[in-house]
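Student: Protein sequence lines correspond, in order, to chains A and B.
Take 1 as the starting number for the first sequence in the working numbering and just add one per residue.
Take 1 as the starting number for the second sequence in the working numbering and just add one per residue.
No wet-lab data here; the hints were simulated from the structure.
Don't take each hint at face value.
Claimed, not checked - Partial list, derived from the structure: chain B residues whose beta carbon lies under 7 Å from chain A:
1) Asn89
2) Arg92
3) Ala330
Unchecked claim - Some residues of chain B that are not near chain A, with every Cβ distance over 12 Å (derived):
4) Glu12
5) Gly44
6) Glu115
7) Thr118
8) Ser182
9) Asp198
10) Phe372
If you're wondering where the values come from, they're calculated on a predicted model, not measured in any experiment.
Glycine included, each C-beta is placed from N, C-alpha and C at the ideal position.
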Amino acid sequence: MEFAVRTWSAGARLGSLQLAAGLQVETPGLLLLTRKGLPAFIPPDLLQNLHPDARACQVTPLHFLESPNATTVAKAGGLHKLVSLTGFGMVAVARDSLMDESNGEGSSKMGASFETSSGRRVVGPAKYMEVVNAFKPDLWVSLPDEVPSWVAEKRNRLSVDRTLQWLDQCLSLQPAEYGNRCLGVVVGSTSLDERIRSAEQTATRNVAGFSLGGFGLGEDAAQRAVQMEAVLTKLPKEKVRHVSGIGLPEEILQAVGAGIDVFDSIYPFMLTKGGYAMTFPLNMENSQRSFDSEPTGEELARSGGDSAKINLRSVAYRLDNAPLVIGCKCYTCRKHTRAYINHLINTHEMLAQTLLEM
Amino acid sequence: MLTTPAMALRFEVLARHNRARASRLTLPHFEAQTPLFMPVGTQGTIKGLTNDQLEDLDCQIILGNTYHLALRPGADLLDSMGGLHKFMNWPRALLTDSGGFQMVSLLHLADITEEGVTFQSPVDGKPMLLTPEESIQIQNKIGADIIMALDDVVKTTTTGPRVEEAMHRTLRWIDRCIAAHSRPNEQNLFGIVQGGLDPRLRDICLKGLVARNLPGYAIGGLSGGEAKDAFWRVVAQCTAGLPEDKPRYVMGIGFPLDIVVCSALGADMYDCVYPTRTARFGSALVPEGVLKLKQAAMATDFRPLDSSCSCMVCKRYTRAYLHTLVTKEAMGSQLVSYHNVAYMMQLSRDLHNSILEGRFAEFVQSFLQKQFPEGDVPEWVCSAMEVAEIDISMCCAPQSRIAKMQV
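Chain A on its own, in the form it takes in the complex (with noise of 0.2 Å):
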């Protein structure tokens, strides 16, 4: 694995990321949401239509306790063969963002709490380890204490005194030949004191980069963006950086604006699973869209859109022949019309969220 940083813009720096043998992504770059490995919706042959820069992903250890388990992954010799994704990035990931975000209550010396399809569980560094290993990802982030905001300063800190222990034990369980593929994560919850503590701590370990953890968890976006910069400033400059727990657009730009290189979002399948297609305009400038024949602010709530959004369940959309997003060049967009998505939502019919997810 290496990273590069090729050029800054203020905050901002644009970086190449090199994965598995022969694959680049570009960032800042998006990892793609998965379950057990594979996107909801988007199976590995419709993979290639997307974005040349959608290339990697971000799997949870949590999707891996049961059924596949880890012995499944190890077994198909790792987890890129065993979900045929070889010539994608795989970037374990702890928290699974789809479900309940941790309170950091239930979670022990044992090991932090996680709600999974199973249940409730308690993963600590061995366990986490033993699916990390068999997983053979190109990245991985290290198991967090993470807490909520409102937590009172002792469990803050206690925290991040944890969150540096299981990192420590996490390193100590990485086989060597693997070389440096860890991302510490960074938590301190909205004490700033904290979060350079453990960012400084954090960054004396021999790791590939650095995760900042324990967002999403009821900070608002101005304590992010603090607690953010207070941290990037002490985090070596030329190592890659990952966040979860965001997902909104404005969210994900204000993050990259302050210095952050990959994340993951549950933005996309929330808006798909709603039946909503993203429609805000990604290049200002050169729209090729004439903001006068946009359909009006009121109009779109009427249908239950807004400007970043359309609800393609409306009856607004029924005889509506346009693609998504005009002039875009995604597969759905090429290929389907907003009434026949209308149609297939409309009709619970599966195809709907493939072709929404892409």
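Got chain A; can you put chain B on it based on the hints?
Tutor: What follows is chain B alone, placed relative to chain A:
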């Protein structure tokens, strides 16, 4: 009576093996090869698969259900969109059924009268009537390459005068369908042979439909719980009574074994929800039969679903991994559906090519040997193959062969 049929298809038999035929069926949107299986895309989509994937899998004709499509998105909407092909963006062929079967099987208080099928609208409970005219009009709006006549279909387990009544009514309705059909040069109206399990009734229906000189014919009213031995006999009688130079479609057939037998008896087209439906329950179609992926043993089985299958799923995934997905993740459904459709299309190709290349008998033998490695080929299959004049004695275990000889 029509003398020159209005047709929008060409059917050329390229090769035969006794009753079986390998043919080219040229439709307005696509040139297909028969025998073939048609996956069912009830509401304008085949559960979870994209058109690109369906083309990759060699799907030639897809079935849409008129009843469902007329409800959502609606026939007029489809008409204004330029038809179902444009709406779905499917470049190949489509077939729609008449809507009658769904109504009778899905709706409470559906009733059949001379006028048509009366039922309660599932949307608002109002009484509604589907007449032959209306069924055809709706299908004209949907725009499929092949459309089906509205028939009076009864369950094969029905006995008594109702069966005869239904058969005669089907013949009266075909004339109404023909009269109502407004696009005979773009859409092919197939008649459906009814008559239950009674050869006398089937014969009357056959003669009546053949006299109408339709572009193609379907054998209906089967696959509804009748004994297999009765089933194959009806198919055999109908294929024998239908014209050589028109396609023959056995409706509602999806078990690979049934398709092989019907093809041996001279049928060309089949449809069924079975392959895609069974995928969603975690069952994969394989040469040996059905693989139930939910079984505990699958968790440690690192083989592909079918080692002889070259589909994307068999090339990439193991039974062990698919076991963890089926019935739990949407992806599991998609992947097994993909394989099952691949399997059925491979079967279609195998049937067509083996007849074309003069090795149909060997194909049938090999198929049966894989499905019945113990030699326990069902009696009905043996009887059917006798009529089809295909020797399968090597597939049957000695005891059963001797038992047959002693009879």
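Student: None of the hints should be skipped; say for each whether it holds.
Tutor: A quick look at each hint next to the structure:
At a threshold of 7 Å, the smallest CB-CB gap from Asn89(B) to chain A is about 6 Å, leaving the interface hint in force. For the restraint placing Arg92(B) at the interface with chain A, the shortest Cβ-Cβ distance is roughly 14 Å, beyond the 7 Å limit, so the hint is violated. Restraint check, Ala330(B) versus chain A: the minimum CB separation of about 6 Å is within 7 Å; hint holds. Residue placement check: Glu12(B) keeps its beta carbon more than 12 Å from all beta carbons of chain A (closest about 33 Å).
Its closest Cβ contact with chain A, about 6 Å, brings Gly44(B) to no more than 12 Å, contrary to its assignment away from the interface. The claim that Glu115(B) lies off the interface holds: its Cβ sits roughly 29 Å from the closest Cβ of chain A, which is beyond the 12 Å cut-off. Look at Thr118(B): its CB is around 25 Å from the nearest CB on chain A, clear of 12 Å, so calling it non-interface holds up. Annotated as non-interface, Ser182(B) keeps its C-beta farther than 12 Å from every C-beta of chain A; the closest such distance is 23 Å.
For Asp198(B), the condition that its CB be more than 12 Å from all CB atoms of chain A holds, with the nearest at approximately 38 Å. Listed as outside the interface, Phe372(B) is consistent with that label: its C-beta sits roughly 32 Å from the nearest C-beta of chain A, beyond the 12 Å cut-off.
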